[in-house]
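Just so you know, our numbering puts 1 at position 1 of the sequence shown, and the rest follows in order with no gaps.
Quick caveat, the hints were computed from the structure, so don't treat them as lab data. Cβ coordinates follow ideal geometry from the N, Cα and C atoms, glycine included. Keep in mind that the hints are not guaranteed to be accurate.
Taking lysine-lysine and the BS3-like style, the derived pairs with C-alpha atoms no more than 25 Å apart in a straight line are [said to hold, decoys possible]:
1. K47 / K88
2. K88 / K72
3. K47 / K72
Just the calculated beta-carbon pair ranges, DEER-fashion [to be verified]:
4. G31 / L112: 35 to 41 Å
5. E36 / K120: 37 to 43 Å
6. A27 / G122: 20 to 26 Å
7. G124 / H147: 33 to 39 Å
8. N83 / Q60: 49 to 55 Å
9. P148 / Q80: 20 to 26 Å
10. E146 / T76: 27 to 33 Å
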Amino acid sequence: MSTRLNGQSLMVQAIYGLTNNFAVLSAGATGGLTLEQIINPSDDVNKNNLNASFQSYLSQNFSNIDADGDGKISATDLQQYTNQLSQKGLSYEELMQLCYSSSASSQLEEVLNHFSEIDKNGDGRVTNAEIAAYGVDTEIEEMEEEHPKFQPTNISNYVENDTTSST
């Protein structure tokens with residue numbers, strides 16, 4: 001039997017990566033990060049601690065993350081955005097960009113391979129609840145295959161008449 005799917009670890013991986021890269025990029029920055037600071041980090045930034053995939057995601061989604069539209073991503077903006085991701089779920093592309101690595105987990109592979117089946121509401125995003133429900137459904141199917149339901153066959157329907165009653 002396979003391990004039950006749980007999207008929480010994928011969500012944590014995505015949010016941790018975003019917040020970690022934000023922290024690295026914003027070291028020494030005041031008031032938040034500009035798009036320019038994300039694309040071309042200063043020499044003060046420890047570039048060894050950056051992940052290019054997360055950095056690219058921050059730059060591509062800059063205007064969505066910058067909730068107040070002030071031209072900077074603040075810690076508050078990022079917190080609001082990651083809360084939205086947690087609630088709305090991740091798209092296929094976000095899973096690929098934010099969770100995929102050279103040592104991709106089997107769980108991520110299964111979610112990517114069965115994305116459309118997992119996305120029950122068809123909104124193009126999978127939530128932790130949808131992933132967990134798919135995992136339970138898969139587990140039930142495996143158990144039913146391993147332990148088929150009893151199917152009565154060749155059973156007689158003979159009923160003995162009671163001849164002892166008096167009329």
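- Task: Could you see if the CB distance from P148 to Q80 stays within 20 to 26 Å?
- Result: Check failed, 50 Å falls outside 20 to 26 Å.
- Query: Does the Cβ pair N83, Q60 satisfy 49 to 55 Å?
  - Reply: violated, 19 Å
- Item | Satisfaction of hint between K72 and K47, Cα-Cα up to 25 Å | Satisfied, since the Cα-Cα distance of roughly 20 Å is no more than 25 Å.
- Query: Does 33 to 39 Å hold as the CB distance between G124 and H147, or does it fail?
  - Reply: Hint holds: Cβ distance 36 Å, inside 33 to 39 Å.
- Query: Could one say that the CB atoms of A27 and G122 fall in the range 20 to 26 Å?
  - Reply: Once the Cβ atoms are compared, 41 Å apart, the range 20 to 26 Å for G122 and A27 is violated.
- Item | Cβ separation of G31 and L112, checked against the hinted range 35 to 41 Å | holds, 37 Å
- Query: Straight-line Cα separation of K47 and K88 no greater than 25 Å?
  - Reply: violated, 31 Å
- Message: Within 37 to 43 Å: is that where the Cβ-Cβ distance between E36 and K120 falls?
- Response: holds, 41 Å
- Message: Hint check: K88 vs K72, CA-CA at most 25 Å. Holds or violated?
- Response: holds, 23 Å
- Message: Quick check on a hinted range of 27 to 33 Å for E146 and T76, using CB atoms only.
- Response: For T76 against E146, whose Cβ atoms are near 50 Å apart, the range 27 to 33 Å is violated.
Checked against the numbered hints above, the structure breaks hints 1, 6, 8, 9, 10 and satisfies the rest.
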